[in-house]
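Please model the complete structure; the sequences and the hints are all you need to start from.
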Amino acid sequence: MKKIVLLTFIAILGVTLIGCNSAPKLRILNWGEYINDEVVAQFEEATGLNVVIDVADSNELFYSKIKSKTTAYDIVIPSDYMVEKMVEEEMLLELDYDLLPNRALVTYMEGVNQIYDSMTATTLARTGDTVDYTDYAVPYFWGTFGIIYNNRIEGLEESLQEHGWATYFDADTYFPTARRGMYDVAQFAYAAALTYLEENPNDYSASLLTQAEDVIRDANFTEWGDDTLKRNVESDNLDMAFVYTGDYLDRLYIQLDEGKTLAEVQADFNIFIPETALVFIDNMVIPYTSENIEGAHQFINFLLDPEIVALNSEVVGYATGLEEAYDIIVSNVTSEDPWRQAWATANLTYYNKDRAGTYTPMTALDPDAIDAINTMIETVISG
Amino acid sequence: MGKSFKILAIPYQVWLSVLVFIPLVAMVVISVTNLNSTVTLSELQFTMEHWVLLTQRPTLIAFRNSLIYAGSTTLISFVLGYFVAYQIFRLRIKNKFIVLTIVILPMWSNLILRTEALLNIFSENNILKSIMGFSLFGNIAGTPTAVLIGLVFTYMPFMILPIYTALEKIDYALEEAALDLGLTPMQSFWKVVFPLSFRGVVTGSILVFLPTMAGFAIPKILSKGRIIFIGNIIDTKFIYTNYNSGALLAVILLIFILGSILLMTRFDKEGETLL
Amino acid sequence: MTIKGVSYPVATLQEYGYRDYSKFKAVVKVLKTVLFFSILFMLYLSIIVIAIQSINASRISSSFSSISLTWYPNIFQEEDLMRAIRNTFLVSSIATILATIMGTFFAVGMYSLTKKKRQGLMLLNNVPILNADIVTGFSLMLMFRLLMPLFPNIFGLFTLVMAHLFFTIPYVILSVMPKLKETDPNLMDAALDLGVRPYKALIKVVIPAIKAGIFSGMLLALTMSIDDFVISYFNTGGGFDNLSIWIYAVIGRRNLTPSVYAFSTLLTLFTLIGLMVYQFLQRQKKGRKSGIL
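Residue numbers (this note's numbering), protein chains in the order written: chain A, 1 to 383; chain B, 1 to 275; chain C, 1 to 293.
What the hints contain is simulated information worked out from the structure, not anything from laboratory work. Backbone N, C-alpha and C fix where the C-beta goes; we use that ideal spot for every residue, glycine too. Check before you lean on any hint, since a few could be wrong.
[As the list claims (entries may be wrong)] Derived lysine-lysine pairs resembling DSS-like cross-links, with alpha carbons at most 30 angstroms apart: (1) B:K96 with C:K25; (2) B:K169 with C:K285; (3) C:K23 with B:K96; (4) C:K116 with C:K181; (5) C:K200 with C:K211; (6) C:K204 with B:K96; (7) C:K25 with B:K169; (8) C:K115 with C:K211; (9) C:K204 with C:K181; (10) B:K96 with B:K191; (11) B:K169 with C:K211; (12) B:K191 with C:K32; (13) C:K211 with B:K94.
[Unchecked claim] Covered stretches of chain B, going by a simulated chain A footprint (3 or more residues, C-beta under 8 angstroms): (14) 118–126; (15) 254–261.
The following block contains the structure:
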């Protein structure tokens with residue numbers, strides 16, 4: 001028995017040692033399946049770094065992972081409000097733009113600039129500090145939120161285009177029997193309700209909270225989900241849901257792979273993006289845990305190369321933040337390859353850079369406000 | 001057994017005190033103070049401000065949901081699980097290891113995959129409908145029934161195993177004696193077999209009740225997010241770094257759970273019948 | 001029956017209170033069998049659905065297009081999935097083996113304690129099983145972090161195994177303890193009287209007697225370890241993600257490849273086939289003699 005114990009320990013030791021690759025490492029904390037493996041391979045070849053990727057499914061988990069310092073991550077890809085929170089808690093390093101020569105060669109899209117501006121504005125209002133978020137963050141992907149809908153329902157599309165948010169929230173007036181779904185992130189529901197009420201989705205007050213609660217209650221949601229929302233609309237088990245536009249494109253790409261055409265998919269289910277759109281942006285940032293700051297800059301610089309970004313976009317259904325990469329993607333609209341052609345058309349349709357309307361990110365709220373919003377949603381759900 | 005093995009328990013005592021006792025004390029402290037990641041020791045103070053949570057409707061409803069569903073799940077699993085365990089026992093299979101493995105095998109697949117698979121076929125338009133043309137379960141996704149089915153058939157192995165183990169220990173001669181003494185098979189079951197297997201029932205009930213009560217993934221998926229358990233709220237509090245409220249709920253849940261264990265283990269003073 | 005022209009009605013068996021239950025019993029037996037297999041079917045329902053999803057040619061899991069086995073070889077193409085599977089097996093097998101060995105010895109040690117001390121320990125032993133996962137995960141992480149000044153790269157396989165030991169050992173102890181109680185206390189004394197050294201006696205005499213408890217403890221430990229997400233998430237690091245962490249992360253924003261279903265199906269099938277082969281070999285080898293347990 002002693003031998004067994006001994007052997008096991010030796011085995012553990014052995015495996016731990018084997019795990020140590022000699023090449024310098026670059027540790028990335030990313031969302032699941034949120035990068036093209038091809039991009040990673042090219043980066044490793046170009047720099048000789050060994051990229052190690054950990055994955056998680058929420059900004060909050062990113063936060064706790066960085067805060068706990070249990071792994072020396074060099075790159076994290078949090079969304080807008082989490083970047084704010086991390087900057088506020090001094091968890092991020094300022095970027096050294098001398099190490100990012102590609103930055104000067106590209107232009108951020110108008111929507112991206114709008115998001116960074118709103119983040120600065122809300123931070124100023126909340127804390128009194130002026131922060132230029134481009135000092136810390138470089139866009140990875142961004143995108144709008146929209147209302148994914150079941151186009152098999154007669155008149156729903158027209159109603160959404162005519163009445164917008166009201167079709168979704170005002171269940172008494174529009175399509176009372178439609179099955180409505182909402183993301184199970186309380187702040188998303190709150191922000192969507194405020195947008196419908198034509199208020200600033202990043203404001204918080206007791207009266208706004210009550211108004212939002214009424215709106216959300218009246219919408220009579222039959223589902224509070226996440227990845228299930230898009231699949232349920234696709235399979236005719238749900239009629240409307242507030243989701244990431246990327247959720248729709250994700251399913252769209254899969255349907256295209258199955259041999260359907262863009263028009264066929266749109267006839268089954270589609271997404272409506274309101275003029276006053278809520279948006280998010282995922283950013284590459286360097287957390288204070290980084291032990292390979294130079295490598296982290298190399299990585300960010302690599303992903304400021306339009307060709308690489310376009311390549312990355314092929315597997316991820318979100319929008320690029322670089323105009324040059326956008327141009328490469330949409331130039332495929334004349335491609336012989338039907339997939340590429342549909343891919344370009346989808347980007348032109350759903351992420352068009354000349355789209356009319358405004359972009360508002362959901363910014364970091366005060367922890368007490370977050371707690372109150374969470375409780376409000378729990379109250380609505382509990383009935 | 002020789003007292004000379006006492007020494008073997010020492011590492012575990014140390015292990016438990018470091019990894020269970022200290023965090024437990026810390027949790028109690030966090031639940032009655034303002035301690036969190038940004039508060040330094042000098043600012044530390046006693047507060048029960050966040051205890052208002054306990055009077056909020058969602059919290060109460062979540063506690064009620066957890067209790068009701070855990071209770072019903074335990075009851076249903078007991079009835080069905082006892083039946084299964086008894087039938088397997090009657091088959092007199094020699095190799096217990098095989099029985100155990102077959103019963104527990106579904107649990108080796110990922111819980112989320114399994115629950116989403118159930119959600120799939122509980123929905124109106126699902127994969128089985130596309131094959132058979134009709135929906136086996138109708139459209140029960142999002143209803144309490146769906147949640148109950150999911151909970152019962154996920155945790156039932158934990159009920160079957162200890163009952164089977166308890167049944168297996170029963171001396172067959174006892175049953176024969178009962179029959180010889182003129183008891184009908186039904187009477188001999190209720191008067192002899194069932195009381196002797198009751199320890200297994202207690203163990204099984206604990207093993208089903210606890211994870212149902214503290215868990216949240218299955219109700220969340222199968223109710224389509226419409227039924228909130230206390231586990232959901234604890235999870236949300238911790239994820240949004242509201243540790244004080246989270247710890248408070250966790251402590252209450254733990255007191256609750258330990259209390260119910262003490263209650264149930266009156267049948268077995270040391271709570272050691274678990275399998 | 002006629003006596004002097006007077007006829008008396010013949011009492012039937014029924015009139016004596018006899019009722020023919022044989023039909024009823026047959027019906028009950030059929031019902032029992034049906035119920036038994038329905039419950040078994042329900043236990044495996046999710047696994048069956050996963051299996052169907054794994055042979056669905058379409059990536060859209062809500063409708064079946066045609067039968068295809070492409071997702072099976074595709075498992076090996078999915079690098080991240082493969083890595084996660086390898087990590088899961090590595091962590092679970094190390095944790096299960098260690099938990100079984102350590103849990104058994106701990107149980108023996110605890111069994112030798114005074115009753116009061118043992119009861120106290122048993123109560124603490126229950127906490128890892130009972131506590132909400134996120135609380136356990138979080139507190140373990142905080143404790144392991146205290147070691148970081150000494151071992152900066154501790155987070156990864158090591159902490160993951162430690163965390164898994166934390167919640168698997170209690171199950172082993174819970175399975176072994178009752179078996180220890182059942183063993184004949186004279187067994188050990190007899191061995192000692194024969195001049196066997198205590199630890200040798202423990203291994204040669206006691207362990208074989210409690211083998212059944214050790215095995216079921218091992219089975220439970222493996223079951224708990226192989227599918228853990230929350231505790232693992234907080235206690236891993238250095239790129240060491242297991243299958244659950246990977247599944248959660250992918251399912252949230254993107255789409256799972258059906259190869260995950262294929263892997264799940266393979267795991268179940270291989271175990272079932274393995275069990276059958278094992279049972280068959282046992283029969284062959286030992287004739288009517290019972291299996292190892």
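To see whether the hints hold, each was checked on the structure:
At most 30 angstroms may separate the alpha-carbon atoms for a hinted pair to count; K96 of chain B and K25 of chain C meet this at roughly 28 angstroms. Simply put, K169 of chain B and K285 of chain C have alpha-carbon atoms about 26 angstroms apart, close enough for the 30 angstroms limit, and the pair holds. Taking the CA atoms of K23 of chain C and K96 of chain B, the gap is near 33 angstroms; set against the 30 angstroms cutoff, the hint is violated. Our distance criterion of 30 angstroms between C-alpha atoms is met by K116 of chain C and K181 of chain C, whose separation comes to about 16 angstroms.
Between K200 of chain C and K211 of chain C the alpha-carbon distance is near 16 angstroms, which keeps this suggested pair within the 30 angstroms criterion. Distance check on the hinted pair: K204 of chain C and K96 of chain B sit about 22 angstroms apart at the alpha-carbon level, within 30 angstroms; holds. Proximity of K25 of chain C to K169 of chain B is assessed by CA-CA distance (about 27 angstroms); at most 30 angstroms being required, the pair is judged to hold. A hinted pair counts as satisfied when its Cα atoms are at most 30 angstroms apart, and K115 of chain C with K211 of chain C qualifies at roughly 23 angstroms.
Note on K204 of chain C and K181 of chain C: the hinted pairing holds, with a Cα-Cα distance of about 17 angstroms set against a maximum of 30 angstroms. For a cut-off of 30 angstroms, the pair hint linking K96 of chain B to K191 of chain B stands: about 25 angstroms separates their Cα positions. In summary, the hint linking K169 of chain B to K211 of chain C is supported, as the alpha carbons are separated by about 15 angstroms, within the 30 angstroms threshold. For the proposed pair K191 of chain B and K32 of chain C, the alpha carbon gap of about 21 angstroms is at most 30 angstroms, so the pair holds.
This hinted pair checks out: K211 of chain C and K94 of chain B have alpha carbons roughly 15 angstroms apart, not beyond 30 angstroms. Taking a C-beta to C-beta cut-off of 8 angstroms, the region 118–126 of chain B contributes 5 residues in contact with chain A, enough for the three needed, and the coverage statement holds. Residues of the region 254–261 of chain B with a Cβ under 8 angstroms from some Cβ of chain A number 0, which does not satisfy the need for three, so the listed coverage is violated.
Going through the hint list in order, the structure does not satisfy hints 3, 15.
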